[in-house]
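Number of protein chains: 2
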Amino acid sequence: MISVKEAKNIVLNSIQDFGVEEVPFLKSVGRVLKEKIVADRDFPPFNRVSMDGIAIDFKEFSSRLRSNKQLDFKIERIQAAGSKQITLQNSENCIEVMTGAVLPKNANTVIRYEDITIENGIAIINIDAINDAQNVHQKGKDGKIGDVLIEKNTLISAAEIGVLATVGKSTVKVVKQPKVMIVSTGDELVGVNEIPLEHQIRRSNVFTLVSLLERLNISSETAHITDDKPILKAKIKAYLEEYDVLLFSGAVSKGKYDFLPEVFDELGVKKLFHKVAQRPGKPFFYGKTENCNVFGFPGNPISTFVNCLVYFYPWYYKSLRIEATEETAVLVEDVSFKPNLIYFLQVKLESKNGNLVAFPIKGNGSGDLASLVKTDAFIQLPNDKVEFKKGEVFSVIRYR
Amino acid sequence: MISVKEAKNIVLNSIQDFGVEEVPFLKSVGRVLKEKIVADRDFPPFNRVSMDGIAIDFKEFSSRLRSNKQLDFKIERIQAAGSKQITLQNSENCIEVMTGAVLPKNANTVIRYEDITIENGIAIINIDAINDAQNVHQKGKDGKIGDVLIEKNTLISAAEIGVLATVGKSTVKVVKQPKVMIVSTGDELVGVNEIPLEHQIRRSNVFTLVSLLERLNISSETAHITDDKPILKAKIKAYLEEYDVLLFSGAVSKGKYDFLPEVFDELGVKKLFHKVAQRPGKPFFYGKTENCNVFGFPGNPISTFVNCLVYFYPWYYKSLRIEATEETAVLVEDVSFKPNLIYFLQVKLESKNGNLVAFPIKGNGSGDLASLVKTDAFIQLPNDKVEFKKGEVFSVIRYR
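First to last, the protein sequences are chains A and B.
1 is the number of the first residue of the first sequence in the numbering used here; add one for each residue after it.
1 is the number of the first residue of the second sequence in the numbering used here; add one for each residue after it.
Rather than coming from a laboratory, the hints here were simulated on the basis of the structure.
All C-beta atoms, glycine included, are put in the ideal place defined by N, C-alpha and C.
A few of these clues could be false.
[Unchecked claim] Across the chosen pairs, the derived CB separations fall in these ranges: (1) B:K8 <-> A:T87: 22 to 28 Å; (2) A:S395 <-> B:N193: 42 to 48 Å; (3) A:K144 <-> B:K338: 25 to 31 Å; (4) B:T117 <-> A:V20: 52 to 58 Å; (5) B:P339 <-> A:Q70: 47 to 53 Å; (6) B:E92 <-> A:N383: 35 to 41 Å; (7) A:N153 <-> B:P339: 54 to 60 Å; (8) A:K105 <-> B:E333: 51 to 57 Å; (9) B:N126 <-> A:E262: 40 to 46 Å.
Bound conformation, chain A alone:
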């Protein structure tokens, strides 16, 4: 049995390269960018009017202000957004300008409608406090042509989508998603649509895993194999060739029909570890072939769930070369846990005055699937002590 830390290290040293594909930019949210996004023009691409009003020559304004002259400017024309740049012919005049328009030639300063009065084609400026170049978003201020706007290996969100659109990237290179097969075992399991007999229960772990992977934008397939060694072996042999990742739920513990470790061995899956000093999820098996990573999660629902979050998630993030954000939370009541194991404790999270606080919720052990509905996350309690005090800070693994 190895420690959680060792197990994590081994998993993180077995990352995989899924390759690159090109997708329509609007489908790229949640994917990891595999190219730098560069400005195709200056940002903004022209001196951009940022308020509706009039554009003037600031020199003219300030000289009139100094000499106490009238602040009236004849309106020559209108510069609309989307129209070619026009020219202020006479610096004693002004041009009406709209937000988003190009600043007219020979003008340099914009005064918003709120600060002027327009009568008979003349704009009168009602305030003195005007700055040179105000309300003009200067060409290139936010970025120059050729600047990197989004770095490679960025996880794409709505914020990046706007930039991709602006620079005309209608398709983008992103990391391919792994091809994943999720397999349940266990003869006690029947389908969701079936009525279980007294000694049966419905399959649920594979669907939980499908949903946990969907959070990562991975679509996966599922299968169920009966506890029959030759059948297991034949099917898994085929899966190992076809998929990048196999996730199993069940059949990795000490039971008479827990054939998976033997089957993996016989099929040439290199065992990297089996059993981790943690609760829940101790009998976790992890191995690999040249092209396939094999996560053998124990079959209890909470064990499968927590192991997917603690091992598969970081493995996936690192495979994609993105840094997973690490979070910590403050425990709000004392907890004690005696076994010499890392304890993943279910908690309900709350944001309080800038703190993330964790309320422990006791379930009935790793079989208590329904308890997950009442919590948001696990906190990771170390095994170097038995008493965990209110106010102490631990790392937290969210699933909502």
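Position chain B against the provided structure of chain A, taking the given hints into account.
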């Protein structure tokens, strides 16, 4: 101009009922449940073996222990997971049991393989410290038949998916998503695939909005309308009849071609407010008809973005009857902001020792789309003061 608080109240008092639909349970992640999920059987449905090993009668064990007798138990049979309950015929014997199996009749306690030795069909128990009923997950311990396992109005995550599968809910009732049309205006805009002329830029806000709505699992449609009043009017008239929600970007400020407020008025959209004392996003228009909510966001990219998060998101959550989680963060450096407006300041978030800390990132105003890539969230700074100090706590609106 009204305050952010008033504006939010008005928006939250105009929520809409989108109706209910039934979807396959595996497609229900991110949706809001519109029925109670009830246990169809006890949880677990039988006394469930939770360790691989042997099942015995505890009375027999303790009487032998008291009288210092041998702790050897002849193995009668095997109770596998998924098999009908068998019976321990003689209480001096034992039955091998597998995790997930029904506890055999006349047995009540399970001893794991780690604590026994098996030789010639006899299991010898190697430890004394055994508790009555250990390693048995008692029928009904996690829930009784008829118990509510998931409440109505729960936002469905991977945790709920497992429970839905277990109780056999292959389809579930969820809130229908609103039918949303996102409209851009502005003659300076060209398509993502086009090469803009000097005075043009590409459309981006509608795509940002599409992505922000996708985060809520809402799929939306988009359209662009030129700044031509009769065309705007005809198109919007049709949209008002066909959609639950219209989101606009642009044409709500003071420009000559900002026709939207007039068009809305002429089409019978009741104006609930226009302009909010905030930066960015001040010229925000909000109105409604009997069946359609109209969000008129200002056209600057950050304005559209922040208004969608600050107004549309909570409106949507409240329409679905779910409570949005509110978060706060600690400011890590002093900030000053003079205008008498609520200031939505862009920040980069970090989790530090149980605290959520916010690093302000200064962009170049509401037109600086690229700045969104560098930040994760906005913090909301109140307008009752000018100086915001390091260490103070403010509410935070994440977009990653």
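**Report entry** Status of the given 35 to 41 Å range, CB of A:N383 versus CB of B:E92
**Finding:** Once the Cβ atoms are compared, 39 Å apart, the range 35 to 41 Å for A:N383 and B:E92 holds.
Query raised in the report: At the C-beta level, are B:N126 and A:E262 separated by a distance inside 40 to 46 Å?
Result: Since the Cβ atoms of B:N126 and A:E262 sit about 25 Å apart, the hinted range of 40 to 46 Å is violated.
**Report entry** Outcome of range test on Cβ distance (A:K105, B:E333; 51 to 57 Å)
**Finding:** For A:K105 and B:E333 the Cβ distance comes to about 41 Å; the hint is violated.
Query raised in the report: Is 47 to 53 Å right for how far apart the beta carbons of B:P339 and A:Q70 are?
Result: For A:Q70 against B:P339, whose Cβ atoms are near 29 Å apart, the range 47 to 53 Å is violated.
Requested in this report: Given the hint of 42 to 48 Å, check if A:S395 and B:N193 actually sit that far apart at their C-beta atoms.
Outcome: holds, 45 Å
Query raised in the report: Has the hinted range 54 to 60 Å been met by the Cβ atoms of A:N153 and B:P339?
Result: violated, 38 Å
Requested in this report: Return holds or violated for the Cβ distance of A:K144 and B:K338 against the range 25 to 31 Å.
Outcome: holds, 30 Å
Requested in this report: Given the range 52 to 58 Å, decide if the beta-carbon distance of B:T117 to A:V20 lies inside it.
Outcome: Hint holds: Cβ distance 55 Å, inside 52 to 58 Å.
Query raised in the report: Taking the CB of B:K8 and the CB of A:T87, does the distance hold inside 22 to 28 Å?
Result: violated, 45 Å
The structure is inconsistent with the numbered hints 1, 5, 7, 8, 9, although it conforms to all the rest.
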